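Chemist: Protein chains in written order, with this note's numbering: chain A, 633 to 743; chain B, 130 to 242.
Just so you know, these hints were derived from the structure itself, not from any lab.
These figures come from a predicted structure and were not determined experimentally.
Yeah, the Cβ is synthetic: ideal placement off N, Cα and C, and Gly gets one too.
You may find that some hints are simply not true.
[Unchecked claim] Below are the DSS-like pairs computed for lysine-lysine, each with C-alpha atoms no more than 25 Å apart in a straight line:
1) 143(B) - 200(B)
2) 635(A) - 701(A)
3) 701(A) - 684(A)
4) 186(B) - 200(B)
5) 635(A) - 186(B)
6) 186(B) - 730(A)
7) 684(A) - 730(A)
8) 730(A) - 635(A)
9) 730(A) - 200(B)
[Unchecked claim] Chain A regions said to be covered by chain B (calculated; three or more residues, Cβ under 8 Å):
10) 674-688
11) 730-742
One letter stands for each residue in the lines below.
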Amino acid sequence: DAKTTQPPSMDCAEGRAANLPCNHSTISGNEYVYWYRQIHSQGPQYIIHGLKNNETNEMASLIITEDRKSSTLILPHATLRDTAVYYCIAGGGTSYGKLTFGQGTILTVHP
Amino acid sequence: DTGVSQNPRHKITKRGQNVTFRCDPISEHNRLYWYRQTLGQGPEFLTYFQNEAQLEKSRLLSDRFSAERPKGSFSTLEIQRTEQGDSAMYLCASRQTGAHEQYFGPGTRLTVT
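Using the sequences plus the hints, can you model the full thing?
Modeler: Here's what the structure looks like:
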């Protein structure tokens with residue numbers, strides 16, 4: 633799996649958009665970008681994934697650069713419950729599915 | 130769909146004892162994963178099952194660790210002769226064939242004294 637780099641921490645005001653960057657410059661052509669988050673003392677929670685195109689679901693949007701070397705997870709209207717560690721993972725799709733987590737970004741949403 | 134469940138949620142044991150954890154995946158998910166997470170770190174992959182077949186084991190899974198999924202449903206992770214370095218959160222996840230998302234359980238927190 634490709635290595636990913638994320639800032640260790642970020643802050644966001646409640647109600648504002650949270651934009652979490654991730655660098656995955658060594659990603660290979662068949663590797664997907666996944667985002668998971670982990671709220672304190674819980675198991676990780678899947679957020680979104682993408683291969684080349686931008687993706688949106690009820691939780692977030694994923695913007696992947698054209699060269700696929702970086703991506704941004706966008707939480708459009710952050711709430712206090714979005715405070716968590718966010719992990720960006722570049723990996724192998726549905727055939728196998730092992731996830732290689734880094735240290736992630738601690739997102740703190742302030743009132 | 131009740132999600133992935135893990136038991137026990139917490140386990141305190143003395144060094145040298147054996148412990149066993151159980152994971153019940155989402156019922157139609159045939160892929161099952163075990164991860165370990167230490168404080169301040171992201172989860173680390175331990176092993177993977179497709180149905181009852183164990184298809185990969187991490188180098189982290191020493192010979193004191195064994196995992197089974199006897200009927201392709203629930204799975205157990207056993208640690209023999211526990212060491213203080215085994216203290217961690219042990220996470221189980223399951224996935225449906227063809228899907229991308231893994232669903233994680235709440236984890237079992239092991240403390241070895």
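Chemist: For each hint, tell me whether it holds in the structure or not.
Modeler: Structure-based check of each hint:
For the hint pairing residue 143(B) with residue 200(B), the CA-to-CA distance comes to about 31 Å; that exceeds 25 Å, so the pair is violated. In summary, the hint linking residue 635(A) to residue 701(A) is supported, as the alpha carbons are separated by about 11 Å, within the 25 Å threshold. Annotation: proposed proximity of residue 701(A) to residue 684(A) holds, straight-line Cα distance about 10 Å (limit 25 Å). Taking the CA atoms of residue 186(B) and residue 200(B), the gap is about 19 Å. The hint holds against a cut of 25 Å.
Between residue 635(A) and residue 186(B) the CA atoms are separated by roughly 20 Å; this keeps the pair inside 25 Å, and the hint holds. For the hint linking residue 186(B) to residue 730(A), the alpha-carbon distance of about 11 Å falls within 25 Å, and the restraint holds. For a cut-off of 25 Å, the pair hint linking residue 684(A) to residue 730(A) stands: about 20 Å separates their Cα positions. This hinted pair checks out: residue 730(A) and residue 635(A) have alpha carbons roughly 14 Å apart, not beyond 25 Å.
Restraint check: the Cα-Cα separation between residue 730(A) and residue 200(B) comes to about 21 Å, which is no more than 25 Å; the hinted pair holds. Counting residues of the stretch 674-688 of chain A whose C-beta sits closer than 8 Å to any C-beta of chain B gives 6, which meets the bar of three, so the coverage hint holds. With a threshold of 8 Å between beta carbons, the proposed coverage of the stretch 730-742 of chain A by chain B holds, since 7 of its residues qualify and at least three are required.
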